[in-house]
Amino acid sequence: MSEASRIGDTLLEVKNISLSFGGVKALTDISFDIKEGEVRAIIGPNGAGKSSMLNVISGFYHPQEGEVWFRGEKRGALKPYQVARQGVARTFQNIALFKGMSTLDNLMTGRITQMKTNMFWQAIWKGPAEREEIEHRERVEHIIDFLGIQAIRKTPVGRLPYGMQKRVELGRALAAEAKLLLLDEPMAGMNMEEKEDMSRFILDVNDEFGTTITLIEHDIGVVMDLSDRVVVLDYGCKLADGTPDIVRNDQAVIDAYLGVSHD
Amino acid sequence: MSPVILNALEVILNGLMAGVMYALVALGFVLIYKASGIFNYAQGVMALFAALTLVGFQTGQIPFAHLINAIFGTKLHHWGDGMNTFLAIILTMLVMILFAWLLEKIVLKHMVNQAPIILFMTTIGLAYFMEGFGDLMWGADIKTMDVGLPSGGSFWLEDFTRGWAAEGTEYYGMYIDVLDVWAAGIAILLVIALTLFSQYTKTGRALRAVADDHQAALTVGISLRSIWIIVWSLAGFVALVAGIMWGSKSGVQFSLSLIALKALPVLILGGFTSIPGAIIGGLIIGVGEKLFEYSIGSMIGGATENWFAYVLALAFLMFRPQGLFGEKIIERV
Numbered sequence: 001m002s003e004a005s006r007i008g009d010t011l012l013e014v015k016n017i018s019l020s021f022g023g024v025k026a027l028t029d030i031s032f033d034i035k036e037g038e039v040r041a042i043i044g045p046n047g048a049g050k051s052s053m054l055n056v057i058s059g060f061y062h063p064q065e066g067e068v069w070f071r072g073e074k075r076g077a078l079k080p081y082q083v084a085r086q087g088v089a090r091t092f093q094n095i096a097l098f099k100g101m102s103t104l105d106n107l108m109t110g111r112i113t114q115m116k117t118n119m120f121w122q123a124i125w126k127g128p129a130e131r132e133e134i135e136h137r138e139r140v141e142h143i144i145d146f147l148g149i150q151a152i153r154k155t156p157v158g159r160l161p162y163g164m165q166k167r168v169e170l171g172r173a174l175a176a177e178a179k180l181l182l183l184d185e186p187m188a189g190m191n192m193e194e195k196e197d198m199s200r201f202i203l204d205v206n207d208e209f210g211t212t213i214t215l216i217e218h219d220i221g222v223v224m225d226l227s228d229r230v231v232v233l234d235y236g237c238k239l240a241d242g243t244p245d246i247v248r249n250d251q252a253v254i255d256a257y258l259g260v261s262h263d
Numbered sequence: 001m002s003p004v005i006l007n008a009l010e011v012i013l014n015g016l017m018a019g020v021m022y023a024l025v026a027l028g029f030v031l032i033y034k035a036s037g038i039f040n041y042a043q044g045v046m047a048l049f050a051a052l053t054l055v056g057f058q059t060g061q062i063p064f065a066h067l068i069n070a071i072f073g074t075k076l077h078h079w080g081d082g083m084n085t086f087l088a089i090i091l092t093m094l095v096m097i098l099f100a101w102l103l104e105k106i107v108l109k110h111m112v113n114q115a116p117i118i119l120f121m122t123t124i125g126l127a128y129f130m131e132g133f134g135d136l137m138w139g140a141d142i143k144t145m146d147v148g149l150p151s152g153g154s155f156w157l158e159d160f161t162r163g164w165a166a167e168g169t170e171y172y173g174m175y176i177d178v179l180d181v182w183a184a185g186i187a188i189l190l191v192i193a194l195t196l197f198s199q200y201t202k203t204g205r206a207l208r209a210v211a212d213d214h215q216a217a218l219t220v221g222i223s224l225r226s227i228w229i230i231v232w233s234l235a236g237f238v239a240l241v242a243g244i245m246w247g248s249k250s251g252v253q254f255s256l257s258l259i260a261l262k263a264l265p266v267l268i269l270g271g272f273t274s275i276p277g278a279i280i281g282g283l284i285i286g287v288g289e290k291l292f293e294y295s296i297g298s299m300i301g302g303a304t305e306n307w308f309a310y311v312l313a314l315a316f317l318m319f320r321p322q323g324l325f326g327e328k329i330i331e332r333v
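Protein chains in written order, with the UniProt record's numbering: chain P, 1 to 263; chain Z, 1 to 333.
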């Protein structure tokens, strides 16, 4: 699965990130990198700072200390929408979809960063705006086929079951054709079958589109199967970093996360 | 047909026309409320301000003439004969866009994530500021608005309906102001255009996205602040249309801003978040108050139009707090 050729140079690097909310330290001096084309996992017990880390990368939080380097350049304190425009798409643990809008419209919003016509042409509608709309609609239909959600194209996503909503959210992130895809617990609350589907989608996305994926996950088995490298956080500090095998056998990780062995 | 039924029909027709005018104002509220959760108390004053600006451009007034005269002792008032109505409308629209832009840059950007009541207070402040600013810019005198829309009774309708009454009754035909018909037509076009825009364009989709979920909108690369500028500009555009219609009907003066109060019951009926709701709500209020005045008004001393809409809204609140088309409020415990 993890052929070396698939993985390229460093795409994103976080250096010595520290983040605190008032007196509470969420992250302390965290550094790691994400290489182009890999599936990178961030794991850790509840409250370890995984989501905070993801929020730092996607621009929702700004760390007090440390730097984020994206595609070889140091990133300033960007707003989330600016990060999105740079090519970072994400999903949320608790699903942030446009619940009143159809699946198709939700996916089309994912294309917003790629669409260029201005308000004037949009108001006129005929001409450039229409052509652009059709072009992007084709891309979105391709993603709909890929995820097998043709049947719910016109359904308002608020009415869909949880697992389907997760899939639509993944679809919207895919539609952005991002360089880096951040998935915050993509399989939380799913049953076995849905988890398998989602795992397959993640691997297929990585394979077919070459998208770099960083995911947070609780289900340790899934993580070990999916990812090329794993970062382990605990109480806001980095415990370990490396391939699934290295991490699995790391004593600190076993103690903190997998439970202290009693032999 | 008996004249009573014909009269009632006439009242309903006039009610529909008035309803469209209310809906026009309510529409501005809905646009801003949907996108930012702000109840914009200043919507009525925006209509007044837009109307003042339009008349000012049309008649060639010099903005801030009084202020300039007071400071420099000059006697400025007009710079010429004014300009073409169409050009004046375009310029006024540009002023409204500039206003939206300044509002975002100066005020709204500090109000992100504030409680709704604080945002509401902000718009009250804004309303009074704009009222004073409008006076300062264009003078406080009452102005007439003439953008070339026809007005007066429709002779065609009068002739057409005259023969409808039974033989021997005194019936002179229905009366409808042509201006109202025009206003209704323009309002309907405006709603269709806004709906198409929000359904089928990138920006429209972004507007709906922001209305639905701020956090998700940020993730897909939508800048909330530029969306707010667009939304306030659109609300400014709707205010301009409302200002033109109401201004043509009853002159451009302070009381124009009070039409915003008439939009409140419309919003309660139609729901704060629904564009079709604003229209239907407006029509119900318009027809309701005219019919009530016609049928019962005279028995209880008349002038029921002043309060009927509010009482209807109150009654409505008890049964459907979210309005006819508003999003249902479901609180799960």
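Hint data in this document are derived by calculation from the structure and do not stem from the laboratory.
Just to be clear, a hint being listed does not mean it is correct.
What the hints assert, rightly or not - FRET-style restraints, in silico, Cβ to Cβ: (1) Z/F254 <-> P/G47: 51 to 61 Å; (2) P/H62 <-> Z/I117: 39 to 49 Å; (3) Z/Y175 <-> P/P161: 52 to 62 Å; (4) Z/P116 <-> P/W125: 30 to 40 Å; (5) P/G158 <-> Z/A193: 26 to 36 Å; (6) Z/F64 <-> P/Y162: 33 to 43 Å; (7) Z/I12 <-> P/K116: 40 to 50 Å; (8) Z/A193 <-> P/F146: 46 to 56 Å; (9) Z/N113 <-> P/R159: 24 to 34 Å; (10) Z/V112 <-> P/D219: 47 to 57 Å.
To be verified - Here chain P is said to cover these stretches of chain Z; the calculated rule only asks that three of the stretch's residues, wherever they fall, bring their Cβ under 8 Å from a Cβ of chain P: (11) 36-43; (12) 190-202.
Unchecked claim - Facing chain Z, according to a computed beta carbon distance under 8 Å, are these residues of chain P, among others: (13) R90; (14) F98; (15) T109; (16) I220.
Backbone N, C-alpha and C define an ideal beta-carbon position, used for all residues, glycine too.
Hints and how they fare:
1. Range check, Z/F254 to P/G47: Cβ separation about 58 Å, and the 51 to 61 Å hint holds.
2. Taking 39 to 49 Å as the suggested C-beta distance range, the pair P/H62 and Z/I117 does not conform, at roughly 28 Å.
3. With their beta carbons about 57 Å apart, Z/Y175 and P/P161 fall inside the hinted range of 52 to 62 Å.
4. Distance hint check: the CB atoms of Z/P116 and P/W125 are about 35 Å apart, consistent with the given range 30 to 40 Å.
5. For P/G158 paired with Z/A193, a C-beta distance near 27 Å keeps the hint of 26 to 36 Å intact.
6. The hinted range of 33 to 43 Å is not satisfied by Z/F64 and P/Y162, whose Cβ atoms lie roughly 59 Å apart.
7. For the pair Z/I12 and P/K116, the supplied restraint of 40 to 50 Å holds, since their beta-carbon distance comes to about 49 Å.
8. For the hinted restraint 46 to 56 Å between Z/A193 and P/F146, the CB-CB distance of approximately 35 Å leaves it violated.
9. Separation of Z/N113 from P/R159 is about 29 Å and conforms to the stated range, judged on CB atoms against 24 to 34 Å.
10. A beta carbon spacing of about 36 Å between Z/V112 and P/D219 contradicts the range 47 to 57 Å that was offered as a hint.
11. Using a Cβ-Cβ cut-off of 8 Å, 0 residues of the segment 36-43 of chain Z lie near chain P, which falls short of the minimum of three, so the contact claim is violated.
12. Given a C-beta distance limit of less than 8 Å, the hint that chain P covers the segment 190-202 of chain Z holds, as 5 residues qualify and 3 suffice.
13. Hint status for P/R90 relative to chain Z: holds, with the closest Cβ pair at about 6 Å, below 8 Å.
14. Checking P/F98 against chain Z by beta carbon gives a least distance of about 4 Å; that is within 8 Å, so the hint holds.
15. For P/T109, the interface hint holds, since its Cβ comes within 8 Å of a Cβ in chain Z; the closest pair sits about 5 Å apart.
16. The beta carbon of P/I220 is not positioned within 8 Å of any beta carbon in chain Z (closest approach about 27 Å), and the interface hint is therefore violated.
Violated hints, in rising order: 2, 6, 8, 10, 11 and 16; the structure is consistent with all others.
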